[in-house]
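Take the sequences, apply the hints, and build the full model.
Residue-level listing of the chains:
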Amino acid sequence: MESARTRDRVSKTVMYIILIIMAFIMLVPFAWMILTALKTNQEAISVSPFYIFPHNGWHWETFGEVWKSYNFFLLYKNTLLMIFFRVVCACLTATMAGYAFGRLKFPGKNFLFSLVLVQMMIPSTIFIIPQYLMVSGLGWLNTTAGLVFPGIVTAFGTYLLKTGYQGLPKDLEEAAGIDGCNIGQKFLRIMMPLTRSSMVSLGIFTALFAFKDLMWPMIVCTSVQTTTLAAGLAKAQGRYGSNYPQMMAAAVLAVIPMIVIYVIFQKQFVEGIATSGGKL
Amino acid sequence: MKEKKKMTAKEKNEAMWGYLFVTPTILGLIILNFYPAIDTVIQSFCKTGDFGKGNVFVGLANYQRALADPEIWQSLLNTIKYAIIEVPFGVIIALILAVFLNKKLKGTSFFRTVFFLPMVCAPAAVAMVWKWLYNQQFGLLNNIFHTSVAWISDPKIAWVSIGIIGVWSIIGYNMVLFISGLQEIPGDYYEAAEIDGATGIRQFFDITVPLLSPTTFFIVQTRVIGALTIFDLMFMVMDKTNLALQKVESAVYVFYNYAFTQGNKGYGAAIVMILVVFIMIVTVIMQRAEKRFVFYN
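These protein sequence lines map, in sequence, to chains A and B.
Quick note on numbering that gives the first Met the number 0: the first sequence kicks off at 0 and runs consecutively.
Quick note on numbering that gives the first Met the number 0: the second sequence kicks off at 0 and runs consecutively.
Simulated from the structure, these hints should not be mistaken for laboratory data.
Hints may contain errors.
As the list claims (entries may be wrong) - Quick list of the computed label-pair ranges, beta carbon to beta carbon:
1) A:Ser241 / B:Leu66: 49 to 57 Å
2) A:Ser241 / B:Lys290: 47 to 55 Å
3) B:Gln286 / A:Leu91: 32 to 40 Å
Only a predicted model underlies this, so the values are computations on that prediction, with no experimental measurement involved.
Yeah, the Cβ is synthetic: ideal placement off N, Cα and C, and Gly gets one too.
Structural data, given as structure tokens:
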């Protein structure tokens, strides 16, 4: 028994060492991003002596400069609006369709649901050119509507919500039926509130996907005034690429809001990704 | 057997609500996805007219040009090479971390938070940071190791450097899926193995790996498709003037260049079609493999 205990202790130590090394590797880029942002450009590109920490004071003012010169207020606003409308549209359409597919009987249901499944199997790159032509035809280039456009409906979300509705017990609805509710009322008052966790998963997933997407905002919002954080960074890199503290300060400003939200709602994030397991 | 039952009023009512509820989604899918998919196929047979209007049918010309273009083949090869780094390393490292974090050690939630962190960051920002770490003259990596490796401009290693960013970014996501898969394995299996005196490593290969194979398959499948459509990392890390660009640019990157930077939608459409067919073939092969290697209870 003594040897088993030693073995246990050794294996625990090995596990901790590996975990700590990995955590270190994961954190170094973040640390270097922040440390570089706080240096002067002179310091950032000095090789000898090579400084890990800022040497001539911590230059917090770089964040303020970058905020102004890169129009971060607009980037935040545009990103937030896009995320808000995408999440609302996706949750609304998906919860309705999910309820119908999971709970109601109607002719042609299987065929219509197969459309949802087929969409999930097609790589989304194939949609981009015609979607762009439609947005440009509607005159929605450089607008929030253009940014939201491809995310109005979601096959993946419909599938997720359908599974959520199917998991609810059957007698709930029957009890409500006796009380004289019609199907719409039943859906709104009883069923929809019960799928809250699936909705939260879908909302987080949609928000993350929209926040991270680079190609679509780059295509439809070419002006710095109307684009999102991700695409704004790409533009900034092209223009100010050699001022490293400024670039890193911009990167910090772009990632901070989502990191803060993640740290607060960690449980929901992790569960959302684990249960939805969607394609990011 | 064609006899149709007459629907009662209650069934009719239910069907009406059903159609009402699925209409937005189905209409949306048709307008936003199915019509575009067909339109892309049509465009791939057309030459984009001047001023972006008036497509001219050119038959297979776009495909002939694409299949004869070494850049297209190279970009497909680059994409596969990226996937060969990202998928296996991203999956294996994530699996090991997930197994450790499932052991109820102290500090589990701290480690989980840290590993998942890159997942909530925009790849555009992540790529910018790594580009700075990789900087040949002033970057952290060369400074720490006292080397002067051209991480992202040496054609021989640039694809590995990009792959490393991909692995770093995806570990947390794979790990979270593995942890939820691990939690579904009944504890009795391990207790029984413990009594039989099986070691931790033995248990890992005899119990964890087979029982976790559905999760593993799911992750591998989604990540293969994700890796084959990679774009952000290449776009953000590789400057247009980078000498290694030809050996790193992914298929979607080349598509973006032709379709949107140069405005040749027809040729871009043909490139997408080639990529989609390739992905479909890979998917079918993986589905076959699933039947052989995945263990369902």
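Now the hints, each set against the structure:
{"no.": "1", "hint": "A:Ser241 / B:Leu66: 49 to 57 Å", "verdict": "violated (40 Å)"}
{"no.": "2", "hint": "A:Ser241 / B:Lys290: 47 to 55 Å", "verdict": "holds (53 Å)"}
{"no.": "3", "hint": "B:Gln286 / A:Leu91: 32 to 40 Å", "verdict": "holds (33 Å)"}
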